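As given, the protein sequences belong to chains A and B, one line each in that order. For the first sequence, counting from 1, position 851 maps to 851 in my numbering; every step adds exactly one. For my numbering, add 1275 to where a residue sits in the second sequence, where the first one is 1.
Hints were generated in silico from the structure; no laboratory data involved. Here the structure is a predicted model, which is why all the values come from computation and not from measurement. Incorrect hints may appear among the rest.
To be verified - Below 27 Å or equal to it, Euclidean Cα-Cα: the simulated DSSO-like pairs (lysine-lysine) are:
{"no.": "1", "chain 1": "B", "residue 1": "Lys1318", "chain 2": "A", "residue 2": "Lys549"}
{"no.": "2", "chain 1": "A", "residue 1": "Lys770", "chain 2": "B", "residue 2": "Lys1318"}
{"no.": "3", "chain 1": "A", "residue 1": "Lys547", "chain 2": "B", "residue 2": "Lys1387"}
{"no.": "4", "chain 1": "A", "residue 1": "Lys596", "chain 2": "A", "residue 2": "Lys549"}
{"no.": "5", "chain 1": "A", "residue 1": "Lys741", "chain 2": "B", "residue 2": "Lys1321"}
{"no.": "6", "chain 1": "B", "residue 1": "Lys1321", "chain 2": "A", "residue 2": "Lys821"}
{"no.": "7", "chain 1": "A", "residue 1": "Lys547", "chain 2": "B", "residue 2": "Lys1383"}
{"no.": "8", "chain 1": "A", "residue 1": "Lys937", "chain 2": "B", "residue 2": "Lys1387"}
{"no.": "9", "chain 1": "B", "residue 1": "Lys1383", "chain 2": "B", "residue 2": "Lys1321"}
{"no.": "10", "chain 1": "A", "residue 1": "Lys937", "chain 2": "B", "residue 2": "Lys1318"}
{"no.": "11", "chain 1": "A", "residue 1": "Lys918", "chain 2": "A", "residue 2": "Lys741"}
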Amino acid sequence: MSAPAGAPHPHAAAASARIPPRLGAAAAPAGPSPTPHYQNGPAQNQMQFPPGYGLQSQGYVVPSGLYSQGPGKSTPLPLESQYGTDYHSGHYTVPTQNVTLAPGPSTVNMQPGSQQVYGRGPPAPHTVGSTPGSFPGGVASSASHLHTGRPQPYSSFGNHYNSPGIPSASSSIASQGFPLTSGHYAMSTASGAVYPSVSYPSVPAGDPYGQVFTSQSTSVITQFKDNSFPGQNTAVDHPPQQRLSPVGYSASSWAAPGPQSTQDNLTQNHIGSLATAGNTSNAGSSSCAEKQNIQLLKTSPAPPTVSSGSISARTQPPADRATEPVASGTQPPELLLQEGMQYGGYVNNQASSAPTPSSSTSDDEEEEEEDEEAAIDSSSTTSSVSPVPNSFDVLEGGSYPGDTLDPLSSSTTSPAPALSVPQATKPAKPFGYGYPILQPGYQNVGLSSGAQPSNPAYSGFQQFAQQYPGMNQLSSSLSGLSLQHSSQQPESLRPINLTQDRNILPVTPVLAPVPNLNSDLKKLNCNPDSFRCTLTNIPQTQALLNKAKLPLGLLLHPFRDLTQLPVITSSTIVRCRSCRTYINPFVSFIDQRRWKCNLCYRVNDVPEEFMYNPLTRSYGEPHKRPEVQNSTVEFIASSDYMLRPPQPAVYLFVFDVSHNAVEAGYLTIVCQSLLENLDKLPGDSRTRIGFITFDSTVHFYNLQEGLSQPQMLIVSDIDDIFLPTPDSLLVNLHESKELIKDLLSALPNMFTYTRETHSALGPALQAAFKLMSPTGGRVSVFQTQLPSLGAGLLQSREDPNQRSSTKVVQHLGPATDFYKKLALDCSGQQTAVDLLNAAVVCPGDSPGEPWPSLSLAAQPLLKQTTVLLAFLAVLAHMELEDHETCMSKYSAGCIYYYPSFHHTHNPSQAEKLQKDLKRYLTRKIGFEAVMRIRCTKGLSIHTFHGNFFVRSTDLLSLANINPDAGFAVQMSIEENLTDTSLVCFQTALLYTSSKGERRIRVHTLCLPVVSSLADVYAGVDVQAAICLLANMAVDRSISSSLSDARDALVNAVVDSLSAYSQTSSTSQQSALIAPTSLKLFPLYVLALLKQKAFRTGTSTRLDDRVFAMCQMKCQPLVHLMKIIHPNLYRIDKLTDEGAIHVSDRIVPQPPLQKLSAEKLTREGAFLMDAGSIIYIWIGKSCDNNFIKDVLGYPNYASVPQKLTHLPELDTLSSERTRSFLSWLRDNRPLCPILHVIKDESPAKTDFFQHLVEDRTEAAFSYYEFLLHVQQQICK
Amino acid sequence: MEAVVFVFSLIDCCALIFLSVYFIITLSDLECDYINARSCCSKLNKWVVPELIGHTIVTILMLISLHWFIFLLNLPVATWNIYRFIMVPSGNMGVFDPTEIHNRGQLKSHMKEAMIKLGFHLLCFFMYLYSMILALIND
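Take these sequences, add in the hints, and give me the full structure.
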């Protein structure tokens, strides 16, 4: 970052003169050079830096918007295009005040008008977005407006708030899709674009953080600098003047808003507009008028007239009315009611200074702009001058009524009109969103909000809505509301009455909220799939966090399969000298030679080698190195990072071959899979493999090269296990491949007639540990029953009769510490133990019978009955879960569980095992891994969740890491974060790849810090919060009791919602209000309560429960969410509407249905995606065409009860269904089983138990749950 | 007789003080990452029972010798020691479990506990010393 903070204006035709120092440097390297040459590994680097990164990198160096170099110039960046639009908006705003002619907005008109007003508009054609750089005046003015407006009321707030942080892409979309309105959106985007320069560690200033921390007023200044404020000072080149100018501006703008701030937002807005006209004195009078209007509104029965009145008072353009009809037309009767309420609500909001999105940001901005201009060019006092009827007017018209008649606008925001008349209604929407507390209106709106995302055409819509808020901030700041919203906040804070709004589930999958950062940081930030935080706005103090009653934590998926990962080979890995943080995109370069750590703030030297950028082959640009351009990078570590030479890939398979296991027939499947995947096992020429089997004795297999056939060695002394031939049990995979293949093909038949029913798992594991301890590696244990012999033997603990009686579920924790100790030993020797539990199907025991004890386990196996759900072996096996989960838990292994497994009786489980094994055997693996999670000073890690051993306060020891492992950590705030506006988290995963390379994968996440409670709520990532809560609840149920954990979950909802309602001081105390960001919170918690892990009642086996808990602990967020809240789709009428293309396939995207039986119609077929299992439910009177075309049966009656495959039929609907299904399957690592369920089949209870919104035997329905929560809150 | 009781208490108390200091040192070693959690916990777990016994003996001794005030003073701490020992989950490796100690601020709470005990034992030490001298003089 070579340029001084204030220097360059992004567009800089004008500013270029000033920029040279930085631009000159920057221009050369621009973009990925055609022949990137890395010192160490050119080829790699090339691959790793796709063009996308190149762009980002520039963005990093200098916020892309500001960057006029390289790619930026040649192909206008989105930001720049925004600027172009900004320019327009600036112009538009002028007309808006004065406009008397509403209809027929044309861009042509606008431009001249604007030019006139400004008197300095460049002659160039103003096509939206096309001429970004050419209108510095416009841009600057708009920007200046924004900021002058804001800073005064809330100088104390962090800068980042101001920046709406709108994804630049969206804004550009907006401009394209709706050129007329684009001006509006551009405004917000403009601020976003401007901001980056401010908060971004801009180099020369010396202390980048200083800038970041600066109050808004300073930000204004910097922005001015950036924008060069051409509007005021035609001489762009004089930074000092620019700096001064803001002050003057602020004063002037202040004058206008000042009086207003005391009044309503509503009035303020209008006042603002009038005042901006040039006379602050007017402002007073106008405000009075406004007030009158409002009162009128309250009393007047006919909303439309009211609005018109207000408009007329304001001398608003007819355009207002044009939009009004839409609004009023939609819900005239409600208007009156709503008005009063909303009005009150509004006031409240102000009082509470919640960051409520004030209604019409557009208005405010425009007004502000006008203000400024008025102040700037005294000539522009023009109150009724320019008749520029353009779209903007229309927008304003819409917005104005919004101001005066909040209810109107809010109600009008309902989607229907929006869709039908996009232009007119769109402006209105934001206002609706902006209004924080309009419950009644929201009943209607709620639907709409839910529906909005669904419409494919409006994919960008949400973003629009979000952008609007950006504007809202302005208005709110003016009016005295706390302004801090970023683009998304108003939307995420929009209150929703949960009890009245039944359709809160969006029709498209919920996406992770984007942290409220400026656009550059946003682009650089870590992918939410790898790294998520439950609160994307970090509260400043622990007190604030406590007030919010929400968990703060991180959800990690560090070893995720990535399609694109920059791998860096460098002899020196640049790290902070005091905290050892890896250099990352969020550090700041103080100058060429020094950088400041973003976690501990220490200033470090940039090593000489780092000065050279291999990507661009240039020297002296450390900020363009790939490490600084990507938040997820992988280093190839030097020998400094090894305690010993990298280990080879070592795999040991431990099979249970007792009678139980043989009967289940898993061995055949496993050996078959192994044979097939032997060559695909990750590894290199050193890969080693070994096998152990056990029943009541432990069998080893000598596979030493040179033997004619595998040698079986039996050790029957299980109390003191030893290795018979330590050297030849683990053999090189390639050298002994033939022997291994022989063994694998012989193994399934070797134990066919065994009568051995005992299982000496403990000794087998000890043997495995001994075998592995010299190298470390992966032990895969296949077991089917409780260990009954030797060390670590276990007793079945669950009494099924107690299951029904008690709420208290016992035995969730392990009963012996044998496995824990062994696991720790394993972990210490870098050995991971993966458990694959295949419970045997033992038909014959009906649920009513008393449960057989373990010793009976083998007896009923031969009975052939149709009851496939056998409890016997499951019972036997279940306890394994309890105890041995800890085996996997601390050795960083994973657990698979196949209840009622049998190769013939339960083919779907067998198939699942087969597919899971394929994934298990061939997926990436990292050995001898450690993971360290660092965070900005002041934050500390409180609790870890997942499968690992915590070796020190922030260091996790993972014997193996696999791509399907997820982790969670709870954070606490130990020191106040008042002196920082950004916090960063860095995860560094050091592992040995299967090729014997030592690698470090580093993820860095950057989040803003906020000081107000409302902002905390605005940034809630509800899915992450739920996953973290699930982890915490698992802990609680093990350490305390299940009922405690359930209560804690309910309390989490109650506390957070009541805390929210206190902050927002709602007019309706009786209603259950949640901000949009939290609207799914109660639903998810209810779903969590109905999970196998936490539900009460008789139907849950301890085994299933424990396994579900394990899943919660170690699944990454995306998979866990599907388990917690499955996705339900209607698939009998799939269309290509909104379909996506995935590798030559068209995948239809049916809308999500809520999980309630009310959505199931008998005429339909529904697909439920529950993570590890997929159900297709077919209604009784389902369309025969569907059954024929997709299932391949003539009618409903002929569909068999058990169907696990869809036939490949050559029909369109079959093709669609299958492609949808395979798309769903491709999205997860483990293959889910498909169950086709008929409406009357007994299996349908499995399906219906996932309908979490409905009542079940012992659990609330969603509505009841809400009422319960409400009751608790009121208490 | 009374002097003997207090002499014994004094010695016992000294041992407990050293034990507390040892706990604190070991825990802070763990905090600073000088030793790993496993060895730390196995070191500490070894001394949990001796500490418990040592303190319980003093408490009972005070009860027997009818020093009510000192007995009541010791009772809560002794109870806490026993409670903590009994309530260890079956799967854990002792009061100090290496897999848990870094979670949920356990390390800090253990540290705090050791500090409090150190203070308490110091207080007791002087009390016993005073009582012992008093008893010797009275004899």
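Tell me the numbers of any earlier hints that the structure contravenes, in ascending order. Structure breaks hints 1, 4, 5 and 10.
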